[in-house]
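Produce the entire structure from the sequences given, and follow the hints as far as they go.
Chains as they are written, first to last, in our numbering: chain A, 1 to 142; chain B, 1 to 122.
Don't read these hints as lab results, they were simulated from the structure.
A hint or two may mislead.
[Stated by the list, open to error] Derived list of chain A stretches under chain B, where covered just means 3 residues or more per stretch with a C-beta under 8 Å from a C-beta of chain B:
#1 20-26
#2 44-52
#3 83-94
Idealized CB from N, CA, C, for every residue including glycine.
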Amino acid sequence: MVFDYAPFLVEAGKIKEFARALQLENPIYFDAEAAKSAGYRGIPAPPTFTTVIDFWNDRNFYQLFSNFLKLNPNNVLHGEQAYDYHKVIIAGDIISAQVTVKDQFHKKGKNFFQLETVYRNQQNETMAVGRATIIEMPEVTA
Amino acid sequence: MTELPAIIKKPIAPIDLVKYSGASGDFNEIHTVPAIAEEKGLDDTIAHGMFVMGWAAAAVEEWFPDRQLQSFGVRFQAVTHPGTVLVINGSMLTDKEGEILIKDQQGQTKLMGTFVLKNGST
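Spelled out as structure tokens, the structure:
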């Protein structure tokens, strides 16, 4: 069972906003010339930018949770996150991401989900692979 | 094992989390609305895990400005409230494999992780 995010155009302005929000100062995230001088073909996305692809998507993370995993997206904790980086995502790339549930188990009264997300560009090259452990919290009964 | 210079961040302000919510698209109000956080049994709003991981990635970039990540994995250990000063420590096990640890000033671990750098520069 897989969930496909909608293809996502990585815009330079969105990279800039994300870099500002993380208080990054490296000019490669703000200036195409600085990025090219550093050896990139354009403005690169910071390593954790894939989260933007998940959340600011036409078929987004909330739909993944509500419709696919049948979880309340506001009732989960992010336990672990890992990435393998194959190629750097650059402004202008169109990224398609696909989520697979690798494992699902119950431990200490909580439900755990291990999700793998593969991010591919418009040439179908794998850019990055994300692995997340999501923990569903027991509903609070007040 | 080589210790990397510690990085001490500015205290996390509520507005930092508002900005990160907008930039990332993660609008879970547990990060921005104190009343919602309190409903969930928390004392205050909490930073997004990915905000803290974003700072961790930035620390690796500060330590190694000319190298790229090959892989990076973290475990989120404890929630982080606004006002917290995060201290980022790292060490290298080999010339490309390192460990990273983020704590608050009271020594509570918030994030622990490992990273592998690509060979050479960009």
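Stated coverage of the stretch 83-94 of chain A by chain B [criterion: 3+ residues, CB within 8 Å]: holds (count 4)
Three-residue Cβ test at 8 Å for the coverage of the stretch 20-26 of chain A by chain B: Our answer is that it holds, as 6 residues pass the Cβ test (under 8 Å) against chain B, meeting three.
Coverage criterion applied to the stretch 44-52 of chain A (partner chain B; beta-carbon cut 8 Å; 3 residues): Per the Cβ count (5), the hint holds.
Taken one by one, the earlier hints all hold for this structure without exception.
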